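Engineer: Per this note's numbering, the very first residue in the sequence shown carries number 15; after that it's consecutive.
Since the hints were made in silico from the structure, they are not lab data.
Keep in mind that this is a model prediction, so the values were computed, not measured.
Hints may be right or wrong, so weigh each one.
What the hints assert, rightly or not - The list that follows gives simulated cross-link-like pairs (lysine-lysine, DSS-like), each with its CA atoms no further than 25 Å apart:
hint: 1; residue 1: K241; residue 2: K90
hint: 2; residue 1: K108; residue 2: K239
hint: 3; residue 1: K90; residue 2: K63
hint: 4; residue 1: K165; residue 2: K203
hint: 5; residue 1: K203; residue 2: K66
hint: 6; residue 1: K90; residue 2: K108
hint: 7; residue 1: K53; residue 2: K203
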Amino acid sequence: MTHYWRVLLLLMTCLMPLHWADAWQGGQKAADAGGSLDKVLSRMDQTAKEFKSAEANLAWEQYQKVINDTDVEEGKIYFRRVGNDIQMMADISKPAARQILYSNGRMQLFEPKVDRVTVYPAGKNRADVESFVVLGFGGGGHDLLKTFNVKYGGTENLNGVQTDTLELDPKSERLRGMFERLVMWIDPKLGIAIQQKFFQPEGDYRLTKYSDIRLNTKISDNAFKLKTDSKTTTVSPHG
Numbered sequence: 015m016t017h018y019w020r021v022l023l024l025l026m027t028c029l030m031p032l033h034w035a036d037a038w039q040g041g042q043k044a045a046d047a048g049g050s051l052d053k054v055l056s057r058m059d060q061t062a063k064e065f066k067s068a069e070a071n072l073a074w075e076q077y078q079k080v081i082n083d084t085d086v087e088e089g090k091i092y093f094r095r096v097g098n099d100i101q102m103m104a105d106i107s108k109p110a111a112r113q114i115l116y117s118n119g120r121m122q123l124f125e126p127k128v129d130r131v132t133v134y135p136a137g138k139n140r141a142d143v144e145s146f147v148v149l150g151f152g153g154g155g156h157d158l159l160k161t162f163n164v165k166y167g168g169t170e171n172l173n174g175v176q177t178d179t180l181e182l183d184p185k186s187e188r189l190r191g192m193f194e195r196l197v198m199w200i201d202p203k204l205g206i207a208i209q210q211k212f213f214q215p216e217g218d219y220r221l222t223k224y225s226d227i228r229l230n231t232k233i234s235d236n237a238f239k240l241k242t243d244s245k246t247t248t249v250s251p252h253g
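Can you build the whole structure from these sequences, using the hints too?
Structural biologist: Below is the structure:
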């Protein structure tokens, strides 16, 4: 996997050695084949039509199988539509500050510790990137069927919210090289994912949790600006 697509995967976890049984432990009810999938996707479609902006607290958990270790990052995440442009900012505060911005068809990673911005133009992959930036968080439900085989996984109580779980298997080989499967926990009232889990081929996984979610409120332009200064360097690697 190229470094570009690793950064994209980081973005997708808005962004896994566990078996499906491990992922579903604790309070999940049996799957319902009576139209539940279409109901959930339709609710997500409704949210997507009304979507203007979103902000939430963010927690990323990255498990690395080879060293049996989990890294946790926390911060805020912001989304908004500006005309035809999709913007997303992940402002990480713990344990080390960094910002990941997607805007105007490019991804930028700002690392304050080294005062450097790394720019990744989306180029011909822009449509793919933007579909993943809003995956489960302002993206349409039925649009998922274009890229994934989607299965309804039943309901699960997640921090007091009775969520609907969706199991997604990538259709393309390229995506399967990035992650083997994806689970999304959908809040039926909001029509968005409040948790996502990417199972990676190497046995790693990335778990994304959203909390204190606010939809369609005014977000300051400053939330979508990197905290750079006149001494910040900018690099743009290829591949």
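Engineer: Go through the numbered hints given earlier and state which of them the structure violates, listing their numbers in rising order.
Structural biologist: none
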